[in-house]
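Colleague: Protein chains in written order, with the numbering used here: chain A, 495 to 1082; chain B, 19 to 599.
Treat the hints as calculated values from the structure; they're not laboratory data. Mixed in with the good hints, there may be bad ones.
List time: in silico SDA-like cross-link candidates among lysine to any residue, alpha-carbon distance up to 20 Å [to be verified]:
{"#": "1", "chain 1": "A", "residue 1": "K717", "chain 2": "B", "residue 2": "Q216"}
{"#": "2", "chain 1": "A", "residue 1": "K715", "chain 2": "B", "residue 2": "I463"}
{"#": "3", "chain 1": "A", "residue 1": "K843", "chain 2": "B", "residue 2": "L487"}
{"#": "4", "chain 1": "A", "residue 1": "K581", "chain 2": "B", "residue 2": "Q153"}
{"#": "5", "chain 1": "B", "residue 1": "K366", "chain 2": "B", "residue 2": "E575"}
{"#": "6", "chain 1": "B", "residue 1": "K232", "chain 2": "A", "residue 2": "E922"}
{"#": "7", "chain 1": "A", "residue 1": "K717", "chain 2": "B", "residue 2": "E575"}
{"#": "8", "chain 1": "A", "residue 1": "K955", "chain 2": "B", "residue 2": "D570"}
{"#": "9", "chain 1": "A", "residue 1": "K843", "chain 2": "B", "residue 2": "D488"}
{"#": "10", "chain 1": "B", "residue 1": "K245", "chain 2": "B", "residue 2": "G230"}
{"#": "11", "chain 1": "B", "residue 1": "K481", "chain 2": "A", "residue 2": "E922"}
{"#": "12", "chain 1": "A", "residue 1": "K732", "chain 2": "B", "residue 2": "Q99"}
{"#": "13", "chain 1": "A", "residue 1": "K581", "chain 2": "A", "residue 2": "L501"}
{"#": "14", "chain 1": "B", "residue 1": "K560", "chain 2": "B", "residue 2": "K574"}
{"#": "15", "chain 1": "A", "residue 1": "K674", "chain 2": "A", "residue 2": "L658"}
{"#": "16", "chain 1": "A", "residue 1": "K717", "chain 2": "B", "residue 2": "K574"}
{"#": "17", "chain 1": "A", "residue 1": "K1053", "chain 2": "B", "residue 2": "Q531"}
{"#": "18", "chain 1": "A", "residue 1": "K1000", "chain 2": "B", "residue 2": "N594"}
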Amino acid sequence: MNFNKYLVENKIDLSFSILFSFLSSIPFMGIIFYLGIIIDSLYISIASNSFNNEVILAQILIFVLIILLEYILSILYQLFSARFNSKTSKNIRTSVFKALQEKSHKYYDEENTGDIVAKSTSDLVNINNFFYVLSAQGGLMIGLFVFILGPLFYIDFVLGFIALSSLPILISSLIFFEKKYNPIELSSREKYGKVSARVAESIDNSILTKIFNSETHNMSKLKLLMDDLKLTNILKNKKQAILSIQDKIILSVIYSLILFTGGIKVINNQITIGELVTSLLMIQYLIYPIMFLIQIVVFRASYKAAEKRLANILEHPPHVLNPGNGNKFNHTMRGEIKFADVSFGYNNKLVIKNINIQIEANSTVALLGASGSGKSALINLIPRFYDVDSGSIFIDEVDITELDLPSLRRKIGFIDQETFLFSKSIKENIAFGNPEAGMEKIIEVAKISQIHQFIEELPEKYDTVIGERGVTLSGGQRQRLSIARALLLDPKIIIFDDSLSAVDIKTEHKIQSVLEVLLKDRTVIFITQRLSTVLNTDKIIILAKGEIVEIGRHETLIKTNGIYRDLFETQIDGLMDLSRIELGRKGI
Amino acid sequence: MESKIHSDRYLLQRLSKYLLQSKFKLFLTFILILLSISIQILLPLILSTIIDNGLLNSNQTLLLRYILIYFSLQISYNLFQYGIELYFAVIGETSIYNLRLDVLKKVHQHDQVFFDTHSTGDTISRITTDIENMQHLLSGSALYSILSIFQIFGIIIIMLQNSIILTFVTLLTIPLSYLAMWLNKKHIREVLQESSDQIGEISSIITENILGAKVNAAYVRSIENTKEFEITNNKLFRTTFRANRNAAFIQPIAGVFSYLIMATLLLVGIMLRNNGNDEITVGVMVLFIIYSRNLRDPIVQITSLTNQIQNSFASFGRIISLYDIHNSINEKDDSRDLVLKGGNIELKEVDFGYSENSLVLNNFTLNINPCEKIAIVGHTGAGKSTISRLIARIYDINKGAILIDGQNIQNVSLRSLREHIGVVLQEPILYSDSIRDNLNLGKIIPDEQLYEILSIIGADFVKEFPNGLDTLVGERGSRLSSGQKQLLSFARTLVHNPEIIILDEATSSIDPQTELLIQRALNKILENKTTIMIAHRLSTVKIADRIIVLADGKIKEQGSFEELLSKRGEFFELYNLQFKN
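Next up, chain B with everything else stripped away, as it sits in the complex (with noise of 0.2 Å):
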């Protein structure tokens, strides 16, 4: 996914937040800064001091007093130092762990469409990697460089006090080095999110490399796999150094500024000096060339704070894209809870397809009464798996509507429809916890009820298990079967209770035996509930009091089992095949 390039103000706007969150520390790490920019304000001033009225004049009791002055608050601008790092450090951790909470949650609250279109490495990659490159910006550190502008204007009120025309000098500092920072901005910010978008790129074609590792083994790929990889390694390669040779040039150029106003600064000190202005001591000099240099640490670090900054932003450009997602599925102001009165489901005249130009569902009705079990039979691509996830509006119809007890899913709250509608899916998906969270997924249910359930649809395999319920699944359920990934996947639906089920190939691991055993326990468990079972083996469907069957996204043929048998036609014939023997 391109990231488009946000204006500045626009970014900032949305990180203050984050920073804002953590106002009394910011305000502490505030009043420690400024007391630190005090003191090095001071600093030279003694400095210079000492060497005009200790050293010249051999006054050791003064060098002895003002050396003391000086050390106390050295050590206290050391300490005040630390606690302005602590504080950054906590400020930081804390932004940054809230602003990936927030991202998390704002992805999580996209629709199905958003994880069909953005590429799963890649999307990782912003919410770790680029909020990562938040840290700088998200601790405060910035304040330090913003609040360096104090010291600027304290050293030039005490240059002031000592020579005009060397003020004047001292201050070119300032010019040169915004200079230097322009050279430096426009080009950086370009690089920056053009590396970010590379090194997404990479994350995710490392992520696919491992999903299909088993398949990348069986077709011997590695060697062409590598040579893709390196083509992208070697555009992340040509950026990354373009990024840092132009620094190269750039960079040192504040440095050498600061310098050349030094040697001007003496320079025009000693003509200052031999036409007689008594201004000029060598403490004022060495005074001018401290604070020349203490005048560029602001400088420079607003410079590279603008590095960060154009750093930071890529990154946060490429965050806020994540936000920025129209969702096509979304709950009306005016929504309400869903009301189940029995769970009958409609479908009206219904379209729908996954893209524009082709069209899965068209013009697509069916009544389903409540606690009627439906089974929907059809070739692969004929829709069946559509009718599912639009029922549960994991995505939207295109023409229609689709009512549940006579109430548009549109228009009640998405968490009400979910919680009524159980969805066994096709492919079972585990997390890599224990098979209780899996079960569980956050509600507190009983081990006993678990089990119950475990049992009833024959998963006996988990009390098997030395760590029963505890048993550690790994990820994606690597340390199961298919055939057992699919009944945890079932069960868990079931243990969820809903009033509507839909049973999407659920079965289709599962040996005939154990099938059978559902098959039995399902009279029971869905009485009462409104069913929908996809399948292809007929032997799942026999206990549906109707069956449908999709042909290209209509329907061919309906009525229940004996019915349809009866009739010869597109049933009839796929029995025949399942059954040819």
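Only chain A is shown next, with the shape it has when bound in the complex (with noise of 0.2 Å):
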């Protein structure tokens, strides 16, 4: 992974950032440079006893005057550093968010929400801090080593040598230390990764652990992450401590050393008080380089973190691609769909084994079976939740892969088990697939799945929020919304994966007669657990551990002494019951 390419975009404000940082460790360096010359100045009017008030106020004013340039020049980088930065953030921030929104449906199943939350937000700040740091402060600290260094080899030879002796230790302690810290780093963040994985199911759980007492035991599971990254952060902090007090050392000695010879060379004349004052103040200001590396490093080491972790975001193209010249339907689509040798899994397990299924346009298919059958798993390939693992499913004769994927999604209405709506308004997650769509058109869908009623007799009608920030719906209540949602793209084929199974018999009732008159010249594939829908339908398919086990009209299945007939059976078991009591009611 590689965030260059948004360093290049702010290419200007960072250039700017860093040449006024830069720029401005001149008057930095001015400033102590300037104060030598003006001991000397009061040395030498002591020794001599003889004060020229015009030459040292003047001195005195040059050393304001660089003050000021410093402020400005400071002004002048943080200002573009801070518009770099903000840039920045705000532009990897829409990457993130819009490689997310290109993901397959694997990358979700594999991945923890909480997690990809952690790493778009709290990782992208490591970004940033690194960023940060060079853009605002690299200039400045490279312009002080030079302006350290440089000066110090003018004032003497061998002070200037000294200082420079403690660089290669300072950089190979930096190097090693890198080395050790950066998996500490890593895991760091991946643990803290995990708490808010765990924090966020949680609360998305609240109500289970209501229900079942199970305060304790989840707060157990999640102070067993939290112990583990406290321990890590703890060691982390350590490793950091340890670098710098090596570091801070190493200044010691070198501060000492140039104290020392350079007291000597004051004695014997070779330099003067002002000047032997400046070296000390400057070895002083190296800590400051020295501690920005130690910084950069750390900082660095986050941001490597960060990349590690944003890379499976960022970096792995979506399973599911859309093909570079898709087919865009321009023609009329039919709606004619075929499975041909149709294979697919979830982690190496096959849960769709060779299905060849042909659907007719305009005709209903209805999909049968027990949990874990694969019935969603084939109906997601349609619109390509996922890809298959081997053969090919047609529409129209063409192989879904080389539509274009925007297109055939359009054409689709996929009616999920589990309904997801989005804490917008009504109104807006009924015309979810197209923000256009006019106020008619949203109550005509409305009607049809039967839940306009209910709309109207909320306070706020179809502008009522609902979710996380507006009004609780029921389960079939969602459903019926999401139904509006589906009709709404006016698709030419509608899957229904058991968004029935909530809504209330009366009003499925009311829903089915509806919409089998809109349902006509489309093409219909559902899943259902109620046999009582499936009777009229142009096709029944029974699957079993991914293989189809019977396919047919109800008429011929109910014939063949199979599954379909057992399932049947067990059902109409109710309507023996009443026949019963209708006979009883004759007096038979």
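Using the supplied hints, reconstruct the complex from the two chains, each of which is provided in its own coordinate frame.
Modeller: Printed below as a string of structure tokens:
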């Protein structure tokens, strides 16, 4: 993963920031250098007992001017760096968000929501911190380095050499540190991600925790993860502290050496007292670039960790790819679907095995089967939420992988088993696939889905906000909204994944009778557990363990002594009771 | 959720609790800091002596001796600093850990209304990101800044002995630095609170879009969603840029002031010497210059501490807001444990609505006999699920009373109430843990017993998994089908073996054959248990002793399956619809 492109995107702000930051180091060191000059004037004046006020005043005036120059330059570099930083972080956030939008379902199956959120927020902050110190301080620190060593050599070669000799030791200690530190930082971030994920889960599952009194259990799970994070973080800080004490001791040694050597040189009149003071102050300032390097190493470790963690969002192409020049259905879609030798699985376990189905245009197909038989997996392949492992799916005799992905999905109304609605208004939720849709159209589909009347009773009607920040809806109400949402697309193919399971019988019946007309010239595939709904379908498919075990119309299947007949008899049980009562009434 | 701004004193009070948990370490750090500070005060004095007595008097032995003292003090200073850093890390991590633990505990205690009305993403961001922001303040590094005030006093005492006038000049640093600080303060807090709120919003947008990823894909929403995201993202950009821009002007001011004081020092020093003041030597001037710089350090530290505090307080305010939520569902002080004597449930003239102006239940009365199996049918939104939530006191009723074996549920402890009631939720909730952990939820139950219950309800798929009960189900059970999730959720309740069971559409996604198996098993499992079954599928309610037909929060019909069918009313109609052919 490479974030350099964000640096390039804002290269003007970055360059100015580094430039001004570098330039500000000149007055910064100028202040110290000038201090030595003024002290020398003072010393000479005291020694000769004659004060040249004009010269000293002029020197102090220049001193003040240098100070102001430093202030102006530091404002400038901070301004550019502020803009660089805010912009870059905004751009990276946008990229991450966009990348998340493109991810296919497989990605979300494998990742944890809380961890993705941690990656796209706090790991992002780490990338920015690194960029920030580089852009704001980088120039200044390079400048300090140059302008500390330069004048030192200018004042005295030996003093300069002593200061320079510290560098290889300091730098090798940093390199050594970085090697050990980076893995600890990465593991700290990973552990933080785990804590975030678990926190997210516990908040999501609050109602479960209440019902099962499992607060303690949940807290102990959280605690385990947090303990782990805490220990890693302490270790991390320990490593940092060791590095910083190493470097500070090296600097102390250098300082004393310079004080001693310089002192002897002052006594021998080889350098002035002012020059010695300047050298000493400079060595003290040498701590800044050194600390900066430490900070850079530490921030770079977080940056590298973030880079690694974000790579799986930003770098990996989505599993499901949109073909470059896909067929966009400029002609009308007929809606004929064909599965040819389709196999598909999760984690190396096949859930769909070698399936062949021919679904005629405008026909209605029902999928039946036990839990885990592969029904949902099968229909998820049609809008390409997942891609097949082998075999092909054809719509109107074109392989769906050759179709333009957005066009394909816009032609399919997919009504999921578990309804997800966004915390937006009802209107926006229904018009989710076509935000431009007019109110008339929205009301029309709401009426078909038998949810219009309910919406009208809400205080803000179609503008009522639902979800986290608004009205709580029942399972059935949400399912009906999701049907309305799908119908608004006017799709040629409609897929129901047991999407009426939470709707009551009466409403279901109403929806069905209205839908009947609407679905006439569309291809419909539905999964259901209620056999009463499959009687009139063109085709009933029964799946077991990923394979088709029975296929045909009700009239045919009921005659074969198979699974369908068993199922049917199970559910017809109730009917038998009814007829018994009927008979009883008639006194038979 | 907008956060209100708390007063500093209040926040500090809440905060100190966490720091004081590491009292002993804090005390040690306190000593180490004092030692460091003393050395810091002494060092320039030694340097000034080196200059005046060693260098300018050309005394090499004195020079060497003082340099050795200087060096050893510096090394001890570094060692103390190392200790301080280490302790700060330990104190910081511990305090953060404790704070997070407390907040999580508190959040776990909030009633469901809290979770219904607060965005998950934002709450998470408060518990994760905002608590991370507290790191500095909670590490006790504030202590260093505060103790550096001693450095100021030490410096003043030494300065006074050298030159009173120069001391006063140097001391100008203090009011000027405070001025710089004051400029900073007010606006930063507001900006930070604003940006934290916006970061929270960004997290919740991201969270929602991850959860709704499939819907987004199905409806080809990436362009619109990105547009919407950009609105908040741009807001955050503007807020952070504004904050950094203002900081660019204000932050360097403290440094400027300190250099200006150095200039004044030099000027005044030379003037004094010029007027024949012998106190002023080169060593003394160096001493004052270094002190004026060293004086700046504590001031800068305090300034950055205030920034740090602003930053942390903004976050802490958001964290504290999670605490100060009024919970409507509370235990009474004198609440006793629920004592079950058979499991009679009475709802008496109950009024309830999720919002004030629309009642879901209106004057609702229902009496469920001990060990009775009652089924509730009715259209969506009729209030079926609501009843189950009211009995488990997930929500509180507005009016009336709910009694279990004569005890008002508002008077018994929540724990005991929920221990006796098992609710199988309409939407199964699973942790991304193993199947075993999801069934146990912390209770120790032998595997054989788990397998037994799983096989009773036909969840044999678990046995077929290569890892059996150790199989990880993925986030929200993503590796399982809906039916399998429901079966596990069902099994979980049975595993905990409560006396009162509420099945809220517990089998809606389960295939008819497995359901039939469950039906048969239920008769036995539910023996001696009071059971409420909420269902659409009428085949599920046949085993009930009594069926209630609910419409608009009222009982429309009730009776046994056969009675209701003979009545040829609402239920009969429903029945006909379901078995129309």
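Colleague: With reference to the structure, classify each hint as holding or not holding.
Modeller: Cross-check of the supplied hints:
no. : hint               : verdict
1   : K717/A <-> Q216/B  : violated, 28 Å
2   : K715/A <-> I463/B  : holds, 17 Å
3   : K843/A <-> L487/B  : holds, 18 Å
4   : K581/A <-> Q153/B  : violated, 26 Å
5   : K366/B <-> E575/B  : holds, 18 Å
6   : K232/B <-> E922/A  : holds, 17 Å
7   : K717/A <-> E575/B  : violated, 50 Å
8   : K955/A <-> D570/B  : holds, 19 Å
9   : K843/A <-> D488/B  : holds, 17 Å
10  : K245/B <-> G230/B  : holds, 16 Å
11  : K481/B <-> E922/A  : violated, 44 Å
12  : K732/A <-> Q99/B   : holds, 12 Å
13  : K581/A <-> L501/A  : holds, 10 Å
14  : K560/B <-> K574/B  : holds, 18 Å
15  : K674/A <-> L658/A  : violated, 26 Å
16  : K717/A <-> K574/B  : violated, 50 Å
17  : K1053/A <-> Q531/B : holds, 19 Å
18  : K1000/A <-> N594/B : holds, 10 Å
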